[in-house]
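**Student:** Letter by letter, the chains look like this.
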Amino acid sequence: MADLNVKIGNLHLKNPVLTASGTCGFGSELSDFINLEKLGGIIMKGLTLAPREGNRYPRMAETASGMLNAVGLQNPGIDFFISNIYPELINVNTNFIVNVNGSTIEEYVELTRRVDRLEAISAIELNISCPNVKQGGMAFGVCPETAASVIREVRRACHKTLIVKLSPNVTDIAAMAKVAENEGADAVSLVNTLLGMAIDATTRKPLLSTVTGGLSGPAIKPVALRMVWQASRAVKIPVIGVGGICTATDAIEFMLAGATAVQVGTATFRDPQSTVKIVEGINEYTNVNKFNFVNQIIGALEM
Amino acid sequence: MEYGKISVILRRELEQMKKLIRELEILDNRSVARDQFQLTLRGEEVLPEVMPGQFVNVAVPDSPQTFLRRPFSVLDFAPETNTLSLLIKAVGQGTRHLAACRVGQKLSLLLPLGRKFTLPESADRIFLIGGGSGIAPMLFLAKYCGLPREQVTLFLGARSRADAIALRGYEQYARCYIATEDGSVGERGFVTLHSIYKSEFTKNNRIYACGPAPMLKAIAKDAVTTGIFYELSLENMMACGFGVCLCCVEPTIYGNRTVCSHGPVFNINELTWQI
Numbered sequence: 000m001a002d003l004n005v006k007i008g009n010l011h012l013k014n015p016v017l018t019a020s021g022t023c024g025f026g027s028e029l030s031d032f033i034n035l036e037k038l039g040g041i042i043m044k045g046l047t048l049a050p051r052e053g054n055r056y057p058r059m060a061e062t063a064s065g066m067l068n069a070v071g072l073q074n075p076g077i078d079f080f081i082s083n084i085y086p087e088l089i090n091v092n093t094n095f096i097v098n099v100n101g102s103t104i105e106e107y108v109e110l111t112r113r114v115d116r117l118e119a120i121s122a123i124e125l126n127i128s129c130p131n132v133k134q135g136g137m138a139f140g141v142c143p144e145t146a147a148s149v150i151r152e153v154r155r156a157c158h159k160t161l162i163v164k165l166s167p168n169v170t171d172i173a174a175m176a177k178v179a180e181n182e183g184a185d186a187v188s189l190v191n192t193l194l195g196m197a198i199d200a201t202t203r204k205p206l207l208s209t210v211t212g213g214l215s216g217p218a219i220k221p222v223a224l225r226m227v228w229q230a231s232r233a234v235k236i237p238v239i240g241v242g243g244i245c246t247a248t249d250a251i252e253f254m255l256a257g258a259t260a261v262q263v264g265t266a267t268f269r270d271p272q273s274t275v276k277i278v279e280g281i282n283e284y285t286n287v288n289k290f291n292f293v294n295q296i297i298g299a300l301e302m
Numbered sequence: 000m001e002y003g004k005i006s007v008i009l010r011r012e013l014e015q016m017k018k019l020i021r022e023l024e025i026l027d028n029r030s031v032a033r034d035q036f037q038l039t040l041r042g043e044e045v046l047p048e049v050m051p052g053q054f055v056n057v058a059v060p061d062s063p064q065t066f067l068r069r070p071f072s073v074l075d076f077a078p079e080t081n082t083l084s085l086l087i088k089a090v091g092q093g094t095r096h097l098a099a100c101r102v103g104q105k106l107s108l109l110l111p112l113g114r115k116f117t118l119p120e121s122a123d124r125i126f127l128i129g130g131g132s133g134i135a136p137m138l139f140l141a142k143y144c145g146l147p148r149e150q151v152t153l154f155l156g157a158r159s160r161a162d163a164i165a166l167r168g169y170e171q172y173a174r175c176y177i178a179t180e181d182g183s184v185g186e187r188g189f190v191t192l193h194s195i196y197k198s199e200f201t202k203n204n205r206i207y208a209c210g211p212a213p214m215l216k217a218i219a220k221d222a223v224t225t226g227i228f229y230e231l232s233l234e235n236m237m238a239c240g241f242g243v244c245l246c247c248v249e250p251t252i253y254g255n256r257t258v259c260s261h262g263p264v265f266n267i268n269e270l271t272w273q274i
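Protein sequence lines correspond, in order, to chains P and D. By numbering that gives the first Met the number 0, the letter at position 153 of the first sequence is numbered 152, and the numbering carries on one by one without gaps. By numbering that gives the first Met the number 0, the letter at position 172 of the second sequence is numbered 171, and the numbering carries on one by one without gaps.
Check the hints yourself; a few may be wrong.
[Stated by the list, open to error] Chain D is faced by these chain P residues, among others (derived, beta-carbon under 7 angstroms):
(1) Thr22
(2) Cys23
(3) Glu28
(4) Asp31
(5) Tyr56
(6) Glu61
(7) Ala63
(8) Met66
(9) Asn68
(10) Ala156
(11) Gly216
(12) Arg269
No wet-lab data here; the hints were simulated from the structure. Note that beta-carbon positions come from the ideal geometry of N, C-alpha and C, so glycine has one too.
Assemble the whole structure, with the sequences as input and the hints as a guide.
**Tutor:** What follows is the structure in structure tokens.
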């Protein structure tokens with residue numbers, strides 16, 4: 000059996016498979032279907048300082064080989080998380096990663112400070128790429144200058160491994176990855192959802208209450224793969240690949256393109272066991288291809 | 000290790016809260032009304048107990064474009080044969096693919112999902128009201144609740160005769176009435192205008208319903224003004240079915256709550272509908 004360990008900053012993952020934020024709740028929602036300890040880590044639902052109700056229904060529209068969502072960061076807030084959810088995580092032997100959101104730099108920093116004190120949290124994923132909130136979110140992540148300032152301030156408050164989640168809704172993903180690296184991020188994860196839209200021709204109305212939403216699922220995989228490849232050639236810090244990964248083969252393609260680890264998101268909605276199946280599939284691939292370490296396939300694309 | 004020795008019944012009780020992924024084989028797929036078909040599925044392994052109001056989430060085979068599963072209320076669950084039945088209306092790509100599935104084919108289901116109906120007490124008189132394919136969980140509840148026939152009244156609302164499924168098999172569990180928009184079978188008009196509905200509504204102490212929102216809201220008006228217990232099943236669009244995507248939310252007195260895991264059954268008092 001190959002060694003599936005990978006390293007992201009100071010964070011050791013027992014294998015390169017993580018859940019993508021917003022697709023696994025806080026982990027326990029999946030525990031009927033999978034053993035959470037078999038995963039490299041759980042990136043939990045995005046948190047904000049105050050609780051958020053999210054956007055109005057309808058928030059979802061299925062599209063060809065994927066879906067649009069406009070959830071809008073519905074979450075119970077950091078206080079509820081700390082008093083009701085965090086105590087349950089301590090007994091589970093995997094990495095729990097908090098996805099941090101805010102509408103101002105001050106909110107991002109304050110939330111980071113609160114999370115930084117939680118011993119059982121392994122890392123912070125800074126989300127500057129949510130397309131479904133009116134303030135903050137993607138607005139920070141599509142402009143290099145504002146991205147730099149929020150990453151810089153969060154970095155000062157964060158003593159854990161810091162991952163910056165990037166938006167694909169930019170002209171030059173490599174430049175954004177470099178901004179994150181220059182401001183001290185330990186890793187970048189990409190991509191968040193692509194901004195999209197769906198219309199009902201019969202009613203002549205948009206299918207989402209917010210008109211636009213974030214596209215995810217197999218439909219976006221080629222775009223995400225290309226961006227991971229471009230970003231990983233531009234920076235030295237690890238890149239975490241995310242976007243339409245459903246199978247071990249998908250995950251391996253992202254690793255060949257340069258990803259050190261992967262996140263599985265929308266696939267969980269169809270098959271809540273897909274994360275664990277991908278871990279097994281990666282192991283099988285390394286065995287069949289006689290790799291002793293999964294590290295050996297990172298960036299091993301032959302040109 | 001002791002698990003194998005536990006009786007089937009006890010095992011069901013242990014498992015009934017737990018959500019599972021199961022492969023089920025199609026035993027029967029038959030048309031029951033215009034664009035509506037009934038799938039009967041048998042589990043290879045012992046199926047967990049499924050209660051009226053709960054639903055399953057079905058992966059559509061050989062249809063990569065429809066990536067998400069399709070949620071359906073359970074029409075019937077028979078532990079003695081390890082089978083369950085679904086009443087499905089073909090409305091889009093996913094459901095049309097399922098309609099074309101053949102006997103012997105296997106489907107992947109997540110089950111049991113969601114909150115069940117509160118079962119009536121033995122002295123209760125109940126109204127069960129289903130609109131279109133929303134009749135499915137009402138029929139399951141009629142059969143399951145164990146009340147004498149004279150305490151159970153069931154209504155089916157449909158567009159016309161061709162859209163109304165046959166209720167023959169349920170006459171033993173409930174007095175059954177139909178209302179159609181064109182009057183081609185039963186009384187003409189919406190279920191809430193049916194003569195029996197109007198004359199007997201207040202003689203009941205529990206109302207259960209599933210169907211289109213305008214129907215659920217019309218019933219809500221009657222239930223709220225008379226103060227009669229009213230539980231309804233919602234069918235908001237879902238992606239996951241088990242509470243992680245937060246797409247299917249309904250505003251409630253507790254805030255936005257997922258229909259898949261906090262519902263699909265809600266008491267009218269939990270909702271914030273303007274009635």
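**Student:** Does the closest beta carbon of chain D sit nearer than 7 angstroms to the beta carbon of P/Ala156?
**Tutor:** violated, 27 angstroms
**Student:** Would you settle whether the hint for P/Asn68 is holds or violated, based on the nearest Cβ-Cβ distance to chain D being less than 7 angstroms?
**Tutor:** Since the shortest Cβ distance to chain D is 6 angstroms, the answer is holds.
**Student:** Going by Cβ atoms only, is P/Cys23 closer than 7 angstroms to chain D?
**Tutor:** holds, 6 angstroms
**Student:** P/Ala63 was flagged as interface toward chain D. Is the shortest Cβ-Cβ separation under 7 angstroms?
**Tutor:** Constraint on P/Ala63 satisfied, holds at 5 angstroms.
**Student:** Given P/Glu28 as an interface hint, is the shortest Cβ-Cβ distance to chain D below 7 angstroms?
**Tutor:** holds, 5 angstroms
**Student:** Return the status of the interface hint for P/Thr22: holds when the least beta-carbon distance to chain D is below 7 angstroms, violated otherwise.
**Tutor:** holds, 6 angstroms
**Student:** Holds or violated: P/Met66 as interface residue toward chain D, Cβ cutoff 7 angstroms?
**Tutor:** Result: holds, 6 angstroms to nearest chain D Cβ.
**Student:** Quick check on P/Asp31 please, does its C-beta sit within 7 angstroms of some C-beta on chain D?
**Tutor:** Nearest chain D Cβ about 4 angstroms off; hint holds.
**Student:** Using 7 angstroms as the Cβ threshold, decide whether P/Tyr56 counts as touching chain D.
**Tutor:** Result: holds, 6 angstroms to nearest chain D Cβ.
**Student:** Grab the minimum C-beta distance from P/Gly216 to chain D and call the hint holds if it beats 7 angstroms, violated otherwise.
**Tutor:** It holds, given that the least Cβ distance between P/Gly216 and chain D is near 5 angstroms, below 7 angstroms.
**Student:** Would the stated hint for P/Arg269 survive a check requiring a Cβ distance to chain D of less than 7 angstroms?
**Tutor:** Result: holds, 6 angstroms to nearest chain D Cβ.
**Student:** Answer holds if the nearest beta-carbon of chain D is closer than 7 angstroms to that of P/Glu61; otherwise answer violated.
**Tutor:** holds, 5 angstroms
Violation of the numbered hints given earlier is confined to hint 10; every other hint is satisfied by the structure.
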